[in-house]
Amino acid sequence: MSAAPSADFLAALHDYQPLVRRVCRLYCQDADDRQDLFQEIVVQLWRAWPRYVPQPDAKLSTWLYRIALNVAISNLRQRTRRPAVVSVEDEAWHLTQPMEASAYEPEETAALYRAIDRLSDVDKAFVLLYLEDRPYEEMAEILGITQNNVRVKMHRVQEKLRRQLVHK
Amino acid sequence: MELDDLRRQWRQPEPAATPAPLSAADLRQLLARQSDNIVAKLRRNAKVEMAINYALLPLALGMAGLAPVLWVRLFGGSLALTALVCVVYFHRKLGLLRHMSDPAGNLRAYLLRLTTGLRALIRFYYRFTLAMVPLACLLIGVMALTTTKKAVTPTKIWVIGALLAVLCAVIYLLTAHNTKRYLHWLYGQHLDRLEAQLRELDDVPAG
Numbered sequence: 024m025s026a027a028p029s030a031d032f033l034a035a036l037h038d039y040q041p042l043v044r045r046v047c048r049l050y051c052q053d054a055d056d057r058q059d060l061f062q063e064i065v066v067q068l069w070r071a072w073p074r075y076v077p078q079p080d081a082k083l084s085t086w087l088y089r090i091a092l093n094v095a096i097s098n099l100r101q102r103t104r105r106p107a108v109v110s111v112e113d114e115a116w117h118l119t120q121p122m123e124a125s126a127y128e129p130e131e132t133a134a135l136y137r138a139i140d141r142l143s144d145v146d147k148a149f150v151l152l153y154l155e156d157r158p159y160e161e162m163a164e165i166l167g168i169t170q171n172n173v174r175v176k177m178h179r180v181q182e183k184l185r186r187q188l189v190h191k
Numbered sequence: 008m009e010l011d012d013l014r015r016q017w018r019q020p021e022p023a024a025t026p027a028p029l030s031a032a033d034l035r036q037l038l039a040r041q042s043d044n045i046v047a048k049l050r051r052n053a054k055v056e057m058a059i060n061y062a063l064l065p066l067a068l069g070m071a072g073l074a075p076v077l078w079v080r081l082f083g084g085s086l087a088l089t090a091l092v093c094v095v096y097f098h099r100k101l102g103l104l105r106h107m108s109d110p111a112g113n114l115r116a117y118l119l120r121l122t123t124g125l126r127a128l129i130r131f132y133y134r135f136t137l138a139m140v141p142l143a144c145l146l147i148g149v150m151a152l153t154t155t156k157k158a159v160t161p162t163k164i165w166v167i168g169a170l171l172a173v174l175c176a177v178i179y180l181l182t183a184h185n186t187k188r189y190l191h192w193l194y195g196q197h198l199d200r201l202e203a204q205l206r207e208l209d210d211v212p213a214g
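Chains as they are written, first to last, in the numbering used here: chain A, 24 to 191; chain B, 8 to 214.
Pulled out of the complex, with its shape left as it was, chain A reads as follows:
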């Protein structure tokens, strides 16, 4: 762990840090847990970086999503903290701050975040990639399942969210 990070890794991390932060935001509600996960993802990215081979048909973002999601979902970190103390409502309120002109009330956004938070970690991966505007082809590549499976599962996740919002 002592080698200095290379300039190209730093540049890639600089460009894609918001992506990693968004993954952490979706998987951890507690600020400390989020920072721990961010750290773990960066460490794993750095370890995997020497083996990353740029290919014309493969985007760097796909590789980054894979590692970030693999680390977030497998979650082999030891849980030493108490459960989240920062509510998703607070988080949603923060997120809607720059969106004063949004057609939706913060409460609606908060309800959707609460519904997302109740999903399984695997379902959250579908939500994340959907929010990130990834095409089904790339989602299938990141998750290791067929495009048809992605399409059907995405539909199911949206149904789950709708049901949760109706029954809130």
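Hints are computed from structural coordinates only; laboratory data are not their basis. Just so you know, not all the hints are guaranteed correct.
As the list claims (entries may be wrong) - If the Cβ cut is set under 10 Å, some of the chain B residues that face chain A in the computed set are: (1) D12; (2) S42; (3) N113; (4) L119; (5) V159; (6) P161; (7) I164; (8) G168.
Note that the structure is predicted; figures quoted are calculated from it, not measured. All residues carry an ideal CB built from backbone N, CA and C; glycine is no exception.
Given the structure of chain A, go ahead and fit chain B onto it with the hints provided.
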């Protein structure tokens, strides 16, 4: 509000509370910290344990070759053999952990790799622990026979052998039970969760 609506605001600039981008110095500091990932911890522990066994090997061999008392020589020989087995075990364990700790690849492949890796680790540890029980009992038996001041008759050897066999069986059963419980406590929750996630991903929708 639906996901499509949230998508429009999802990638908006982050709130002011979000930390600034990492500098090279921040990153170096971050990378210098030890990971709390279980696989990383297992790798660190396996490296330390392997180093201990490497250090133990010449000492045990020295004891086996130079000790004046028979049982100490036998003890040294067994210790050297155990250390050698441990070194092989930790080499295999490290190889497995190295394979497990590579998070590149798609989610399904990664979860599969972690699940099979964890199962193999548990199997390794369980078999290795149980294999140590008869070896330890044998050592106790040899020590008892070689250190006794009384005359050793064939009957006595049989009696001690039978007692040791019973003791070994009891210890074996207790070790098997406790090791299983310990391993389940240590890895069970992770294995169950990873397997459930894999099933969730593999669940092919009908139609």
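Check the structure against each numbered hint from earlier and tell me which ones fail, lowest number first.
5, 6, 7 and 8
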